[in-house]
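These protein sequences, in sequence, are chains A and B. The opening position of the first sequence corresponds to residue 645 in our numbering, with each subsequent residue numbered one higher. The opening position of the second sequence corresponds to residue 645 in our numbering, with each subsequent residue numbered one higher.
Hint data in this document are derived by calculation from the structure and do not stem from the laboratory. Model, not experiment: these values are computed from the prediction. Take the hints with a grain of salt, since some may be wrong.
It does not matter which identical chain is used: a pair holds within one copy or between any two.
What the hints assert, rightly or not - Listed next, the in silico BS3-like pairs over lysine-lysine satisfying Cα-Cα at most 30 Å (straight line):
#1 LYS844 x LYS701
#2 LYS667 x LYS845
#3 LYS753 x LYS667
#4 LYS661 x LYS705
#5 LYS667 x LYS851
#6 LYS743 x LYS759
#7 LYS743 x LYS844
#8 LYS810 x LYS844
#9 LYS839 x LYS662
There are 2 protein chains.
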Amino acid sequence: MNHDFVLKQLTWRYAVKKFDSSKKISATDWQILEESLRLSPSSYGLQPWKFIVVHNKEILKQLTSLSWGQSQVEDCSHYIVFTTKVQLDEEHIDRHVAKTAEIREIDVKNLAGYKRVMVGDLLNGPRSETIFHWAQRQAYIAMGFLMQTAAMMQIDSCPLEGLDPKGYDKVLGLENTGFGTVAAVACGYRHLDDKYQNIKKVRFDKKDIIIHLD
Amino acid sequence: MNHDFVLKQLTWRYAVKKFDSSKKISATDWQILEESLRLSPSSYGLQPWKFIVVHNKEILKQLTSLSWGQSQVEDCSHYIVFTTKVQLDEEHIDRHVAKTAEIREIDVKNLAGYKRVMVGDLLNGPRSETIFHWAQRQAYIAMGFLMQTAAMMQIDSCPLEGLDPKGYDKVLGLENTGFGTVAAVACGYRHLDDKYQNIKKVRFDKKDIIIHLD
Chain A
645 MNHDFVLKQL TWRYAVKKFD SSKKISATDW QILEESLRLS PSSYGLQPWK FIVVHNKEIL
705 KQLTSLSWGQ SQVEDCSHYI VFTTKVQLDE EHIDRHVAKT AEIREIDVKN LAGYKRVMVG
765 DLLNGPRSET IFHWAQRQAY IAMGFLMQTA AMMQIDSCPL EGLDPKGYDK VLGLENTGFG
825 TVAAVACGYR HLDDKYQNIK KVRFDKKDII IHLD
Chain B
645 MNHDFVLKQL TWRYAVKKFD SSKKISATDW QILEESLRLS PSSYGLQPWK FIVVHNKEIL
705 KQLTSLSWGQ SQVEDCSHYI VFTTKVQLDE EHIDRHVAKT AEIREIDVKN LAGYKRVMVG
765 DLLNGPRSET IFHWAQRQAY IAMGFLMQTA AMMQIDSCPL EGLDPKGYDK VLGLENTGFG
825 TVAAVACGYR HLDDKYQNIK KVRFDKKDII IHLD
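When you get a sec, could you build the whole thing from the sequences and use the hints?
What follows is the structure, given as structure tokens:
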């Protein structure tokens, strides 16, 4: 691959304000986007997340009103709500340890030390106090992977943080599931009328955000 | 581009435990990695971050001891520390508004409404209480962009969250700068001896993490 291609696509990407609702992501492309979420890295590989893809038009309508009325919720092709564990627990860690044992074909007993480190750090250590935020941060890596994968495939996206997480939880039936809404990403194809595609991207100069310590 | 290529590279990627310290990222490739950081999206486009690339061997040595002794800090090609605003302030928002006016060649006065929304939401609204975590989350999108861009270019990486942020701040001279350490990413090339490259990737099944609401 030409390395400049990555740069070209990252420059091409922008937060779409208006999608062309007649254009849908193909099933084949969608499978790759799902895999980009699944393959995202996370702390200890714990994947403290679930991604909810909302197709139901009635639910999307309700989510729009919980998202400052942003039109992307309904005019995009695929609307993905990012949710994370509200409280990380030993059960989740056990589930990850069991999956590790299964995939790598080893005895779960051999992972006792690995489990002990995770429990000591995340459930009993100082990080336990902000574990909710820890889980949310991991989801943002997956948001990055999803948006960049989409850009590589010439598929548009828009991240949405301006939403009512508690309202989303209610509409999506997340209450008492142990998962809570963090943010969302709308994926699809930009509408030719979306004027934001022609406006220059705003970024600080490289010298102001990248510091080299020689 | 063949869309399967993205999938191939995301599968190829893993958290490198041992880098080949003799292999360095070329200056041309490094420029693209820097751009992937700079072009990363963030809430309101506020980019509440600085990325510190540590080349100094003495500093890297000190950081290793603040990172559970993980060898990647020193054996990688480029070690990037992610830092974010400890407390978002009006000055930062003004800086972003001024840059927007400059790049888009508009009068800063025309952005007064945009500024008002950001101040109302992030500095005075309910989100102000957890604005530190908000800034950290944004940095994780950039971590995702950096790691995926690297993977696209057949460059390896390893994210490091197991580090002492306050210790890093001291060593990197961040105290009283308004920025604090969040996490780090080591970039470079995997050592052929790193056994983790041959171990199967562990992920939950798609049906357990991706939910469709029809």
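Consistency of the hints with the structure:
Taking the closest pair of Cα atoms, LYS844 and LYS701 never come within 30 Å of each other, the shortest separation being 33 Å inside a single copy and 39 Å across copies. In the homo-oligomer, the alpha carbons of LYS667 and LYS845 lie at most 30 Å apart inside one protomer (24 Å), although the nearest pairing across protomers, at 34 Å, exceeds that limit. Proximity of LYS753 and LYS667 under a CA criterion of 30 Å is satisfied in neither setting, with 50 Å inside one chain copy and 37 Å between copies. Proximity of LYS661 and LYS705 under a CA criterion of 30 Å is satisfied intra-copy only: 17 Å inside one chain copy versus 46 Å between copies.
For the homomeric pair LYS667 and LYS851, the shortest alpha-carbon distance between copies (26 Å) is at most 30 Å, but the shortest distance inside one copy (39 Å) is not. In the homo-oligomer, the alpha carbons of LYS743 and LYS759 lie at most 30 Å apart inside one protomer (12 Å), although the nearest pairing across protomers, at 47 Å, exceeds that limit. In the homo-oligomer, the alpha carbons of LYS743 and LYS844 lie at most 30 Å apart only across protomers (11 Å), although the nearest pairing inside one protomer, at 45 Å, exceeds that limit. In the homo-oligomer, the alpha carbons of LYS810 and LYS844 never lie at most 30 Å apart, since the shortest distance is 34 Å inside one protomer and 37 Å across protomers.
Proximity of LYS839 and LYS662 under a CA criterion of 30 Å is satisfied intra-copy only: 9 Å inside one chain copy versus 47 Å between copies.
When each numbered hint is compared with the structure, violations occur for hints 1, 3, 8.
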